[in-house]
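So in the working numbering, the last spot in the sequence shown is 298, and the numbers never skip.
Calculated from the structure, these hints are not laboratory results.
Incorrect hints may have been included.
[Unchecked claim] Mimicking DMTMM-like on lysine to aspartate or glutamate, the simulated pairs with C-alpha atoms at most 20 Å apart in a straight line are:
1) Lys88 / Glu114
2) Lys225 / Asp70
3) Lys76 / Asp109
4) Lys235 / Asp142
5) Lys160 / Glu130
6) Lys159 / Glu124
7) Lys88 / Glu122
8) Lys88 / Asp70
9) Lys127 / Asp233
10) Lys235 / Asp138
11) Lys243 / Asp233
12) Lys159 / Asp233
13) Lys174 / Glu213
14) Lys243 / Glu190
[Claimed, not checked] Pair ranges (Cβ atoms, derived):
15) Asn204 / Glu22: 46 to 52 Å
16) Ser59 / Met263: 36 to 42 Å
17) Asp58 / Gly117: 20 to 26 Å
For glycine and all other residues, C-beta sits at the position ideal for the given N, C-alpha and C.
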Amino acid sequence: CFLGFSYCSAMADYEVSDAEIVQIANSFLLASPPGEFMEVVTDVRGLLPDDSLINDSAPATFREWNTDQMLQVKSPKGNHEVLISKYGEVNDAEYLDPRGNCVVQYDHIRQEVVGSRGIEGELDKSVEDYRSAFDDAAQDYLAEHYINGGCTVYGAKKGGQTNITVCISSSKFNPNNFWNGRWRSVWECTFSGNGSITLKGNLKLQVHYYEDGNVQLNSNTNKSGNANGGDAKTAAANALKQIKRIEAEFQAALDHSYNIMGDTTFKALRRTLPITKKKMEWDMRRIKALRMASTR
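Construct all of the structure, not just a fragment, from the sequences and the given hints.
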């Protein structure tokens, strides 16, 4: 179970208002691991004195979690997936799908697509050539490195400069073996006056392992880089090449950390040896003999 009982014991000793209860409950929901949101919702409702307390805040909380996690959904207008993300949010229930040339209508409570409509000015046509080229390059990168992933690319003019936003989300759920995880990365690609591209990325990795315990890995880091510009196809290829390099280096650094964790982090958590510098022998007959010898 994601939640423990310390919350309940604390509540028994401290009287809180309904508003504070809702705030605490929503903090639990927003901290839900990937693939386990509805299970946490059920657990939280079971802890509340009245589970209807969170009904009013549920739509906003569900929307916040869904968009922050950049959930992948099947596009109604094509054989691809689109991300439910803040970067493509038209309103509380509509999300831009540039590749499908439509706006996806999404129910945050049911976590499913409920419809779509045509684009009505939400797409910036002045940067569409570059956005489309980045989209194609990102899909190739996705197919090579994130086989369980989805990617949506947005484009707009900001301060007179072309800005392309590449969003990647890749999930893998394995509840039978007690683990779930999700990778998320967002890259802001800004074209400067000299033709170069400035890359600013945010990389997030969240993994939950819960067999005979409850361990979470949460990594959130910012990265940056530069790429050469050119025509739309060349610029897209150059930018995605740099994104691939930076993400590969980050993932290699994580692998290295895991490889040495047994000799560093976990070793620091182990109980140190007694003053005899020998491991304790837990044979009960020997322990009794030692106790008798100490009382003589």
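Consistency of the hints with the structure:
1. As the CA atoms of Lys88 and Glu114 are separated by approximately 16 Å, the hinted pair is consistent with the 20 Å bound.
2. With a CA separation close to 19 Å, the supplied pair Lys225 and Asp70 stays within the 20 Å bound.
3. Taking the CA atoms of Lys76 and Asp109, the gap is about 14 Å. The hint holds against a cut of 20 Å.
4. Using a Cα cut-off of 20 Å, the hinted pair Lys235 and Asp142 holds, with the two alpha carbons roughly 13 Å apart.
5. The hinted pair formed by Lys160 and Glu130 meets the criterion: a straight-line CA distance of about 14 Å does not exceed 20 Å.
6. Restraint check: the Cα-Cα separation between Lys159 and Glu124 comes to about 12 Å, which is no more than 20 Å; the hinted pair holds.
7. At most 20 Å may separate the alpha-carbon atoms for a hinted pair to count; Lys88 and Glu122 meet this at roughly 19 Å.
8. With a C-alpha separation of about 7 Å, the suggested pair Lys88 and Asp70 falls inside the 20 Å cut-off, and the hint holds.
9. A distance of roughly 16 Å separates the Cα atoms of Lys127 and Asp233; the hinted pair therefore holds under the 20 Å criterion.
10. At roughly 9 Å between alpha-carbon atoms, Lys235 and Asp138 fall within 20 Å of each other, so this suggested pair holds.
11. Between Lys243 and Asp233 the CA atoms are separated by roughly 15 Å; this keeps the pair inside 20 Å, and the hint holds.
12. A hinted pair counts as satisfied when its Cα atoms are at most 20 Å apart, and Lys159 with Asp233 qualifies at roughly 17 Å.
13. This hinted pair checks out: Lys174 and Glu213 have alpha carbons roughly 16 Å apart, not beyond 20 Å.
14. A C-alpha spacing of about 14 Å is found between Lys243 and Glu190, which places the hinted pair at or below 20 Å, so the restraint holds.
15. Between Asn204 and Glu22 the Cβ separation comes to about 31 Å, which falls outside the hinted range of 46 to 52 Å.
16. Checked against the hint of 36 to 42 Å, the C-beta distance between Ser59 and Met263 comes to roughly 38 Å, which is consistent with it.
17. With their beta carbons about 25 Å apart, Asp58 and Gly117 fall inside the hinted range of 20 to 26 Å.
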